[in-house]
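Based on the hints, put chain H in the right spot on chain R.
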Amino acid sequence: MDITLFGTTPKEAQFLINSNSNNDYATTTTIGNMQTTTTINNHLNSHTSTSGISSDSVAAAAATEPWGGQWASRLLKECARAISEKDSTKIHHLLWMLNELSSPYGDCDQKLASYFLQALFCKATGSGLRCYRTLSSVAEKSRSFDSARKLILKFQEVTPWTTFGHVASNGAILEALEGEPKLHIIDISNTLCTQWPTLLEALATRNDETPRLRLTVVDVISSAVAGGGAVMKEIGQRMEKFARLMGVPFELNMISGPNRPNSTRLTREALRVRDDEAVAVNCVGALRRAGLEEREAAVRVFRSLDPKVVTIVEEEANMVAAAVASGNNDDENDFVERFEECLRFYTLYFEMLEESFSPTSNEKLMLERECSRGIVRALACGGGGGDYDDENKEQGEGEETNYAVKSGDGWDFERREKGTQWSERMKKAFSPVLYSDDVVDDVKALLKRYPSGWGLVLPQAKQQQQEQQQNDHGIYLTWKEEPVVWASAWKP
Amino acid sequence: MINMAEEDAISYIGFVQNPIEGISNNNNNNNPPLKKKRNLPGTPDPEAEVIALSPKTLMATNRFLCEVCGKGFQRDQNLQLHRRGHNLPWKLKQRSSKEPKKRVYVCPEKTCVHHHPSRALGDLTGIKKHFCRKHGEKKWKCDKCSKRYAVQSDWKAHSKTCGTREYKCDCGTLFSRRDSFITHRAFCDALAEETARVKAASDHMSYPMAAGNFSYHFTGASVGANMTQHFPSVFKPISSPNDVDATIGGGATTRGLSLWMGQGVSQLGQEAAMANNNVTSLQEIHQLGTVSSSGPTIFRTTTDHHHPLSVSCSNPPPPSDYHHHLNWVLGSSTNKLSSNSSTISTTSTTHDQELTTTSLPLRNNNNVKEAASSNNQLVSVPSLYSTQHTSHHQTPPSSANMSATALLQKAAQIGATSTDSSFLGSFGLKCNNNNSTQVQEGSNKSCGLYGSNIISTTVESQEGDHLLQIYRPAKRRHVQGSEEGTTGGGAGQTRDFLGVGVQAICHPSSINGWI
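Protein chains in written order, with our numbering: chain R, 1 to 492; chain H, 1001 to 1515.
Hints listed in this document are in silico derivations from the structure and should not be mistaken for laboratory results.
Hints should not be assumed to be uniformly reliable.
What the hints assert, rightly or not - Derived list of chain H stretches under chain R, where covered just means 3 residues or more per stretch with a C-beta under 8 Å from a C-beta of chain R:
#: 1; stretch: 1138 to 1147
#: 2; stretch: 1180 to 1189
To be verified - When the alpha-carbon atoms are kept at most 20 Å apart in a straight line, the in silico EDC-like pairs for lysine to aspartate or glutamate are as follows:
#: 3; chain 1: R; residue 1: K233; chain 2: H; residue 2: D1189
#: 4; chain 1: R; residue 1: K154; chain 2: H; residue 2: E1166
#: 5; chain 1: H; residue 1: K1138; chain 2: R; residue 2: D208
#: 6; chain 1: R; residue 1: K241; chain 2: H; residue 2: D1189
#: 7; chain 1: R; residue 1: K150; chain 2: H; residue 2: D1189
#: 8; chain 1: R; residue 1: K154; chain 2: R; residue 2: E234
#: 9; chain 1: H; residue 1: K1147; chain 2: R; residue 2: E234
#: 10; chain 1: H; residue 1: K1138; chain 2: R; residue 2: D442
#: 11; chain 1: H; residue 1: K1138; chain 2: R; residue 2: D441
#: 12; chain 1: H; residue 1: K1141; chain 2: R; residue 2: E175
Heads up, the beta-carbon is just placed ideally off N, CA and C, and yes, glycines get one too.
Next up, chain R with everything else stripped away, as it sits in the complex:
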């Protein structure tokens, strides 16, 4: 949506914004029809570069409006509603406005507007999957070991977002596998192995007898796209070196290539798990990438590995609308609900990034960009299995796929669920394990090492343990009192 397309000037834009506040859409007749052509698509994808300038003045104008403070949220929600109601005039208008006001280089509102606009546009035009693939491909091409390492380490340095899960999981794993001479950890995560150095160090220093550790890694980020193996290979080498330095007998196995959550490659036999090994499954930020139907299968796969402990860490948000989760594939009714939840979550995330990083931080920008894929995926790419295939057929056929993975071939679903929802799934094959006081203390100590704003919430009550239907298990990391990350431990 180019400004010229609609033939309006900033002044007119402001007028439109003003009038919009009155919900009077009659004045928007000057806006031409939005065309769902590839040019628009391209424009959208590249709009980040062009809208910066034009939107500044508009944004400045908008900011002075009485409702300017939270304009992004309002506009976005309005737009989502319009899409759900299929009110195309309104859709056009709002999309245009958002385009004017948004910028991935602006403040939080502008950024959110920018990324969510992209998803809304894709949703409106049905180009979600294509957009997602484009974004993934671009991201993968520019990904390197150095850039990934720098990004993730910096992130861990300034926020406990990921380290929270690491500390909790490592603590649970160490305790569950205490005394075992041979350990085998199956790691299905998006952590790029950053969880393991501290575990290796703990193994080396804590125990009198350093156990042998075998680590099988399934990197869900790399698995979803082609060419993701190079980074993991490098990481693997570093891990091996580090383990040698620590003096821990170590064996690493990287599962590369596309694989699905319920892949047959994840069986005891396939992974060559030995009988005398104590198995732990560590699943961080990965379950949400499994398709809805696959989640249950994934739990079964975990169970089949016969682990002593399973640690799950997920971000706390419910992007699986109730209707879809219950099997009713009618995605539309719940779009608004899903959208609002998505917006809530990412608003928190962006605000957290804003406050944790320095204003001109490049890492912050990279992290925000990485969100764009998740947002598009969650909002514009269809719901359960049915939609999946339909979209695939619509856009996949005859289309040149440069990616090794079509949609649904890997860990790329990106619909988060809340801790209680995951608990419900896990309970079908596992029973919850409480984190010991030591582990909780470790987590608290960890949070103390970060700037203020972070908190810890423990499960409601030990006295309510008898109420098994309560799905309140695990601990939560909170940012400004809002739970953002959930960590839990399970045993068969």
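Showing chain H alone in chain R's frame:
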């Protein structure tokens, strides 16, 4: 005989074994008690009274209670002073006039090392703290890092410093948090070099880098065709997957080593396995962060021309010698032929400037001694250097296809005629002996690298003038670098973990004794 009682303090006269002589007399009453002399912990005065307190007693604090307010005190003196405040009659015990009997305490825990009177601790507070620390429940926990302590004072001391300590990575970054330091370390680029260095350093044992210059000068051309035949096939670079550990010299290293390996194998018709073993061991050597680039590179340059061993000296060493060297380097039976190496004259004036590193100044015979002295470690490998170093004789280039026996004979010849060689030879002998010992003991890891069997056999069969030269891989590296001008890695590095593994082969002390 000492009886240990589990009940409350029971003292008895016991005689404590005195593990350390000379200490027990320190506290004799003969000495004026100007200052209480402390025994080393766990080495008590044999005439002291041994006291065994019960766990309850040890863990108890504040045994002295005020009857008025119930406040507890650790010592009776403190309680008395406190009673003054209540206007209660108090009495301070005077320090007893007679010389107090020395008391030592043992730990009631049977499995503890301090349970035995010979390892009793001399201080009541000390034994209390010990018992708490080792056998007590850790009730105190650090706030910041959740480390636990049983003794409150330990915990307090830790809390003061916790979080203030800074961690520094090799790459120069400072961390205030231990966990982020660890994670960073695991991914840091500095780790690769570090691993190699650490290993090398530990094996190195402060291997002094001799100041000699490597007078080796390998020139590809000079050696002549003779050399060619031996090397060609052998000198295939080891495509070591071990790019990791010995980053020094990188690729050059692997190749160089392979050269040696190859040499040894082909030359002496080493056990076929040699080649494979060599490759492996080379890699292992790499891991030791030693050899690496230095040595091999020398050969490497020549590889291209199939003149791996071209040593540009006034007297180009005969190929056979080279082989010997190589073999030697490989720790194979080359040792026998080591003496031949002397024919490889490195003493030539050509010095490679870059070979200024340590170790053997192969350059002059004079330096041999220096080199030898500086090199504590005998390396079966470095024969090349040593021989060159000692080059007394320039044996005319011989057929590269000299048999092993012939080579041996040659070595004997050479060894017999040169003082240096004998010097080295004996040195080598010694080393060899040590080597074999080492090997047999299997204590030396590096020996193992070369295959203990190989080394030992080599050693044994020595003619006696075997020159186990101190091997300096680093030197090789430098040579190589200088030779090629840009071999890169090794060239600039004076460090020589060279032969870390190799050096270890020969027991340092023997060499020291030598020098």
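Each hint tested on the structure:
1. 1138 to 1147: Three-residue rule met by the stretch 1138 to 1147 of chain H, so holds; n is 6.
2. 1180 to 1189: holds (count 7)
3. K233/R / D1189/H: holds, 15 Å
4. K154/R / E1166/H: holds, 18 Å
5. K1138/H / D208/R: Answer holds: K1138/H to D208/R is near 18 Å, not above 20 Å.
6. K241/R / D1189/H: Within the cut-off at roughly 11 Å; holds.
7. K150/R / D1189/H: Holds. K150/R to D1189/H sits at ~12 Å (cutoff 20 Å).
8. K154/R / E234/R: Holds, at about 18 Å.
9. K1147/H / E234/R: violated, 33 Å
10. K1138/H / D442/R: holds, 16 Å
11. K1138/H / D441/R: holds, 14 Å
12. K1141/H / E175/R: OK: K1141/H and E175/R at ~18 Å, within 20 Å.
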